[in-house]
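Both chains come to you apart, so use the hints to assemble them.
Residues per chain are reported as follows:
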Amino acid sequence: ETGVTQSPTHLIKTRGQQVTLRCSSQSGHNTVSWYQQALGQGPQFIFQYYREEENGRGNFPPRFSGLQFPNYSSELNVNALELDDSALYLCASSQTSGRRNEQFFGPGTRLTVL
Amino acid sequence: AQKVTQAQTEISVVEKEDVTLDCVYETRDTTYYLFWYKQPPSGELVFLIRRNSFDEQNEISGRYSWNFQKSTSSFNFTITASQVVDSAVYFCALSEDFSGYALNFGKGTSLLVTP
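As you go down the protein sequences, you meet chains Y and C in turn.
Reading the first sequence from the start, the letters are residues 1 to 114 in my numbering.
Reading the second sequence from the start, the letters are residues 1001 to 1115 in my numbering.
What the hints contain is simulated information worked out from the structure, not anything from laboratory work.
Since the structure is predicted, the reported quantities are computational estimates derived from the model, not experimental observations.
All C-beta atoms, glycine included, are put in the ideal place defined by N, C-alpha and C.
Each hint should be verified, as a subset may be incorrect.
Straight-line Cα separation of at most 25 Å, SDA-like style, residue types lysine to any residue; simulated pairs [unchecked claim]:
| hint | chain 1 | residue 1 | chain 2 | residue 2 |
| --- | --- | --- | --- | --- |
| 1 | C | K1038 | Y | K13 |
| 2 | C | K1003 | Y | Q44 |
| 3 | C | K1003 | Y | D84 |
| 4 | Y | K13 | Y | N71 |
| 5 | C | K1107 | Y | F60 |
Here are the in silico distance ranges between beta carbons for each label pair [what the hints assert, rightly or not]:
| hint | chain 1 | residue 1 | chain 2 | residue 2 | range |
| --- | --- | --- | --- | --- | --- |
| 6 | C | T1114 | Y | A38 | 25 to 31 Å |
| 7 | Y | Q18 | C | V1014 | 47 to 53 Å |
| 8 | Y | L114 | C | F1047 | 30 to 36 Å |
| 9 | C | L1048 | Y | F60 | 47 to 53 Å |
| 10 | Y | P61 | C | R1028 | 33 to 39 Å |
Extracted from the complex, chain C is given alone in its bound form (with noise of 0.2 Å):
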């Protein structure tokens, strides 16, 4: 069985802190994709990326960058210099498929940046 967790329930910080998202997961399948959502208060979920269980390349996107170690199981976000803006909740979710079929999520971490 597939299982996504997310230990930080709440992070706070200061505008212009850096700040990592935790995520471990568990599965048996070998072939498995990894998401990132960001939830704003509106309550839509917007995608942020997904990664392949066989690509373990770092990414960088702007202010986003994304850790993948399949060897401890997890994939951790970093905000760099947070914003205000970037205050919400964010999920990281586990699937067998590219499409993001039957997202398994984990609880979220609730991110309060403040001025």
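Next comes chain Y alone, as it looks inside the complex (with noise of 0.2 Å):
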């Protein structure tokens, strides 16, 4: 059973430029939650997928947006990036029926945005 990948690790971007950051959930998994953790802060919560709808939404302006794609991996997109956005993106995956459906998280890739 493989765990959460997200890929790059790293990302440098400068200011006013678009990203795109990859999660693949874990195996049987399908829901997919976004938090972005600022240096020194917990992680806060982004948006969820859960059957390639978004599912629920925090207090994040709309030029982040997502994707959820059939095999319940996703993506982050955010546009016209801030010097604030700078921050490790964490994805965390679960399925959502049964008893269970604890979630978990990915490494996360830290942006950087200059």
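Take a look at the structure:
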């Protein structure tokens, strides 16, 4: 059973650019959540995808968008990057059904915006 | 609105000492779920425990124990006989859902255990 994987590991962009981060969910999981973790802070919920549809969103502007694919992998897209977007982006997958449905987090993508 | 407060930013202990990490939460929900996660330097969050609001029984798992007190809105985590491998950032989190949907995290407590 493979865990949650994310790519790339690190990324450097400049202000105004666009970025796409990728997440492969754990085998058998159909739900993916994305979190932003600024340095020295706790993770903040961006949004969740379930069966390819957005299933809830935190307090993030529309320039943060996502996709979920039929194989349940997911992308996080951020347009018009700002300096404050520099953070560790964490993806978590879970199985929305059954009794366990525990979330498993990936190692994250560290984004630096210059 | 939900809020989780971890007042201890950093804690440093010597190996084999016991250490307690504090967590205080606020929520208007009558049903909610509390979580603890460990974040080692590698970055990924490791699930430690989930507790629902109706279950105030304390839990022990090896050297880890958790004390949930609804009366004081606290969910504290104790590591007994700490080890160097316990060094990490620990997060307390709150969710309205058993699955941990839209987790609301505290700012974390950085624990350093020295030999």
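Do the alpha carbons of K13/Y and N71/Y lie within 25 Å of each other, as the hint requires? 28 Å, violated
K1003/C and Q44/Y: Cα distance at most 25 Å? 12 Å, holds
Can you confirm whether the C-alpha distance between K1107/C and F60/Y stays at or below 25 Å? 18 Å, holds
Is the distance from the Cβ of T1114/C to the Cβ of A38/Y consistent with 25 to 31 Å? 27 Å, holds
Look at the Cβ atoms of L1048/C and F60/Y and judge whether their distance stays inside 47 to 53 Å. 27 Å, violated
Could you grab the alpha-carbon distance between K1038/C and K13/Y and see if it respects the 25 Å cut-off? Outside the cut-off at roughly 29 Å; violated.
Okay, P61/Y versus R1028/C on CB: inside 33 to 39 Å? 26 Å, violated
K1003/C paired with D84/Y [C-alpha distance capped at 25 Å]: 22 Å, holds
Beta-carbon spacing of L114/Y to F1047/C - inside the hinted bounds 30 to 36 Å or not: 34 Å, holds
Is 47 to 53 Å a correct range for the gap between the Cβ atoms of Q18/Y and V1014/C? Because 48 Å falls inside the window, the suggested range holds.
The structure is inconsistent with the numbered hints 1, 4, 9 and 10, although it conforms to all the rest.
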